Amino acid sequence: MQSYSKNSEEAKVIGLFFSDEPVGYEIIPFSRGDEDYREVIIAQWASGEKKVIKLADNGFTSPERIKVWQRCAEEHRRLGYYCPEFICDKNGSFPVIDYKGHRCTVFAEEFSKYPTAEQLEKDKVEFQNWWDDAITMVARIAAEKLDFAEFPSGYCLFERFCETDKTDEVIEVALDWKKYADTLPVEFHEQIERIWKLWNDNRNALEPIYKTLPTSVFQADINNTNILMDENGKFVGILDFNLCGRDVFLNYLFRECRIEISCFQQTLKTVSAVYKFSDIEKLAAPLIFRCVEPLFYNALDYLKEAGEDKEKIKLCLDRAEHELTADFDFAAYMG
Numbered sequence: 077m078q079s080y081s082k083n084s085e086e087a088k089v090i091g092l093f094f095s096d097e098p099v100g101y102e103i104i105p106f107s108r109g110d111e112d113y114r115e116v117i118i119a120q121w122a123s124g125e126k127k128v129i130k131l132a133d134n135g136f137t138s139p140e141r142i143k144v145w146q147r148c149a150e151e152h153r154r155l156g157y158y159c160p161e162f163i164c165d166k167n168g169s170f171p172v173i174d175y176k177g178h179r180c181t182v183f184a185e186e187f188s189k190y191p192t193a194e195q196l197e198k199d200k201v202e203f204q205n206w207w208d209d210a211i212t213m214v215a216r217i218a219a220e221k222l223d224f225a226e227f228p229s230g231y232c233l234f235e236r237f238c239e240t241d242k243t244d245e246v247i248e249v250a251l252d253w254k255k256y257a258d259t260l261p262v263e264f265h266e267q268i269e270r271i272w273k274l275w276n277d278n279r280n281a282l283e284p285i286y287k288t289l290p291t292s293v294f295q296a297d298i299n300n301t302n303i304l305m306d307e308n309g310k311f312v313g314i315l316d317f318n319l320c321g322r323d324v325f326l327n328y329l330f331r332e333c334r335i336e337i338s339c340f341q342q343t344l345k346t347v348s349a350v351y352k353f354s355d356i357e358k359l360a361a362p363l364i365f366r367c368v369e370p371l372f373y374n375a376l377d378y379l380k381e382a383g384e385d386k387e388k389i390k391l392c393l394d395r396a397e398h399e400l401t402a403d404f405d406f407a408a409y410m411g
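Be aware that the sequence shown starts at 77, since it is given in our numbering, and climbs by one per residue.
A few of these clues could be false.
Quick list of the computed label-pair ranges, beta carbon to beta carbon [what the hints assert, rightly or not]:
#1 SER81 / GLU161: 23 to 31 angstroms
#2 ILE173 / ILE337: 42 to 50 angstroms
#3 ILE337 / ALA87: 29 to 37 angstroms
#4 GLY156 / ASP258: 48 to 56 angstroms
Straight-line alpha carbon distances no greater than 16 angstroms define the calculated EDC-like cross-link-like pairs of lysine to aspartate or glutamate that follow [said to hold, decoys possible]:
#5 LYS254 / GLU102
#6 LYS242 / ASP223
#7 LYS88 / GLU111
#8 LYS189 / GLU85
#9 LYS126 / GLU186
#10 LYS254 / ASP241
#11 LYS143 / GLU161
#12 LYS127 / GLU111
#13 LYS287 / ASP223
#14 LYS127 / ASP223
#15 LYS166 / ASP96
#16 LYS390 / GLU269
#17 LYS126 / GLU97
#18 LYS390 / ASP405
#19 LYS176 / GLU111
#20 LYS358 / ASP394
#21 LYS386 / GLU263
#22 LYS88 / ASP165
#23 LYS358 / ASP405
#24 LYS166 / GLU97
#25 LYS310 / ASP208
#26 LYS287 / GLU226
#27 LYS254 / GLU125
#28 LYS176 / GLU194
#29 LYS176 / GLU97
#30 LYS255 / GLU269
#31 LYS390 / ASP208
#32 LYS126 / ASP96
#33 LYS345 / ASP208
#34 LYS310 / GLU194
#35 LYS143 / ASP223
#36 LYS189 / ASP277
#37 LYS82 / GLU102
#38 LYS352 / GLU220
#39 LYS380 / ASP252
#40 LYS380 / ASP258
These aren't lab readings, by the way, just hints derived from the structure by calculation.
Quick caveat: nothing in here was measured; it's all calculated off a predicted structure.
The C-beta atom is built at its ideal place from N, Cα and C for all residues, glycine as well.
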């Protein structure tokens with residue numbers, strides 16, 4: 077922890093939100109490339125109290141979006157889940173300031189009362205310890221059909237998350253898959269073209285249906301760094317809303333699921349206890365699966381890991397083609 081200095085840039089940021097001077101602070105960089113500058117300041121007072129101040133210069137952080145994140149966190153708390161409270165500056169706003177050569181939007185948060193699942197890893201907190209409870213929370217948010225976000229979540233399909241994106245993430249990764257697959261030995265090219273056509277045909281079939289599906293406003297980033305648990309390893313809530321936005325519930329579910337088909341099936345069964353799927357959602361489920369799963373990050377990683385091993389390459393391609401053609405009966409798990 078750095079000692080507090082009144083003349084530092086960090087002190088000026090802290091002073092926008094809090095009148096009492098802290099005894100020190102910690103700086104955590106979170107930048108992801110030149111177009112996504114992020115930094116977190118954790119300030120601590122003599123009493124031991126901590127507050128979190130977040131700064132961002134990117135295409136998806138603005139005062140208007142933060143107000144939606146704040147509202148989404150409030151909706152989670154209304155349903156009984158813990159989320160750290162957002163804190164406005166002394167003027168009741170989320171200011172935009174010059175900071176370390178960047179034009180940053182700034183907001184503050186309560187320091188979480190609970191550790192994340194990642195912080196509890198030493199006690200072997202696994203995915204299974206929190207997944208059902210977390211995805212049930214998401215289903216309850218979906219059932220609310222929240223409509224206060226004009227912009228999509230980071231998981232969006234058929235639209236861009238922010239102005240700097242060229243397309244949605246799914247098609248971006250699919251294009252990367254195709255680019256890499258085209259470098260494979262010529263004997264695989266016929267299957268690659270077949271897979272690519274299947275994927276595009278499926279996406280085109282999904283688009284008109286997708287626009288009719290129910291939406292809500294989701295946090296949109298469930299992982300062990302954002303899941304909050306009590307000291308006994310019980311799920312209590314969530315933090316980190318910077319990918320928050322409007323989204324189709326089924327898309328959200330399938331983007332969060334593990335790659336095994338059993339995870340998709342069991343997840344649908346779990347959430348159907350608190351969410352009633354419509355007939356159009358049951359129809360759309362296999363189309364969404366075929367859009368978001370066969371050519372996504374894991375498929376590309378496995379293909380690259382296969383290297384020059386033709387047997388492994390064939391297994392990767394066969395799996396993608398199977399996922400694009402198999403008749404997965406998701407409706408049977410959707411209540």
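Evaluated hints:
In this structure the supplied range 23 to 31 angstroms holds for SER81 paired with GLU161, their Cβ-Cβ distance being about 28 angstroms. ILE173 and ILE337 have their C-beta atoms about 48 angstroms apart, which keeps the hinted 42 to 50 angstroms range intact. For the hinted restraint 29 to 37 angstroms between ILE337 and ALA87, the CB-CB distance of approximately 53 angstroms leaves it violated. Taken as a hint, the range 48 to 56 angstroms holds for the pair GLY156 and ASP258, whose Cβ atoms sit roughly 50 angstroms apart.
Under the criterion of a C-alpha separation no larger than 16 angstroms, the hint pairing LYS254 with GLU102 is inconsistent with the structure, at around 43 angstroms. For the hint pairing LYS242 with ASP223, the CA-to-CA distance comes to about 25 angstroms; that exceeds 16 angstroms, so the pair is violated. Taking the CA atoms of LYS88 and GLU111, the gap is near 24 angstroms; set against the 16 angstroms cutoff, the hint is violated. A C-alpha spacing of about 27 angstroms is found between LYS189 and GLU85, which places the hinted pair above 16 angstroms, so the restraint is violated.
The hinted pair formed by LYS126 and GLU186 meets the criterion: a straight-line CA distance of about 8 angstroms does not exceed 16 angstroms. Taking the CA atoms of LYS254 and ASP241, the gap is about 19 angstroms. The hint is violated against a cut of 16 angstroms. Distance restraint check for LYS143 and GLU161: the Cα-Cα separation of roughly 12 angstroms lies within the 16 angstroms cut-off, and the hinted pair is therefore satisfied. Only pairs whose Cα atoms come within 16 angstroms are accepted, and LYS127 paired with GLU111 is rejected, the gap being roughly 26 angstroms.
For the proposed pair LYS287 and ASP223, the alpha carbon gap of about 15 angstroms is at most 16 angstroms, so the pair holds. A hinted pair counts as satisfied when its Cα atoms are at most 16 angstroms apart, and LYS127 with ASP223 does not qualify at roughly 30 angstroms. Our distance criterion of 16 angstroms between C-alpha atoms is met by LYS166 and ASP96, whose separation comes to about 12 angstroms. A threshold of 16 angstroms between alpha carbons decides the hint, and for LYS390 with GLU269 the separation of about 14 angstroms falls inside it, so the pair holds.
Taking the CA atoms of LYS126 and GLU97, the gap is near 12 angstroms; set against the 16 angstroms cutoff, the hint holds. For the given pair, LYS390 sits about 26 angstroms from ASP405 by alpha-carbon distance, which is inconsistent with the 16 angstroms threshold. With a C-alpha separation of about 15 angstroms, the suggested pairing of LYS176 with GLU111 holds against the 16 angstroms cut-off. Distance hint between LYS358 and ASP394 is unfulfilled; the C-alpha atoms sit about 26 angstroms from each other, more than 16 angstroms.
With a C-alpha separation of about 10 angstroms, the suggested pairing of LYS386 with GLU263 holds against the 16 angstroms cut-off. Simply put, LYS88 and ASP165 have alpha-carbon atoms about 12 angstroms apart, close enough for the 16 angstroms limit, and the pair holds. Distance hint between LYS358 and ASP405 is fulfilled; the C-alpha atoms sit about 9 angstroms from each other, no more than 16 angstroms. With a C-alpha separation of about 14 angstroms, the suggested pairing of LYS166 with GLU97 holds against the 16 angstroms cut-off.
With a CA separation close to 11 angstroms, the supplied pair LYS310 and ASP208 stays within the 16 angstroms bound. For the suggested pair LYS287 and GLU226, the alpha carbons sit about 14 angstroms apart, so the restraint of at most 16 angstroms is met. A distance of roughly 51 angstroms separates the Cα atoms of LYS254 and GLU125; the hinted pair therefore is violated under the 16 angstroms criterion. With a C-alpha separation of about 30 angstroms, the suggested pair LYS176 and GLU194 falls outside the 16 angstroms cut-off, and the hint is violated.
In summary, the hint linking LYS176 to GLU97 is not supported, as the alpha carbons are separated by about 21 angstroms, beyond the 16 angstroms threshold. A distance of roughly 11 angstroms separates the Cα atoms of LYS255 and GLU269; the hinted pair therefore holds under the 16 angstroms criterion. Taking the CA atoms of LYS390 and ASP208, the gap is near 34 angstroms; set against the 16 angstroms cutoff, the hint is violated. About 12 angstroms separates the Cα atoms of LYS126 and ASP96, which keeps this hinted pair within 16 angstroms; it holds.
Taking the CA atoms of LYS345 and ASP208, the gap is near 10 angstroms; set against the 16 angstroms cutoff, the hint holds. A C-alpha spacing of about 13 angstroms is found between LYS310 and GLU194, which places the hinted pair at or below 16 angstroms, so the restraint holds. Straight-line distance between C-alpha atoms of LYS143 and ASP223 comes to about 14 angstroms, which keeps the hinted pair within the 16 angstroms bound. For the suggested pair LYS189 and ASP277, the alpha carbons sit about 48 angstroms apart, so the restraint of at most 16 angstroms is broken.
The straight-line distance between the Cα atoms of LYS82 and GLU102 is roughly 15 angstroms, inside the 16 angstroms bound, and the hint therefore holds. Taking the CA atoms of LYS352 and GLU220, the gap is about 11 angstroms. The hint holds against a cut of 16 angstroms. Pair hint LYS380 plus ASP252 holds up; C-alpha atoms about 11 angstroms apart against a cutoff of 16 angstroms. Under the criterion of a C-alpha separation no larger than 16 angstroms, the hint pairing LYS380 with ASP258 is consistent with the structure, at around 12 angstroms.
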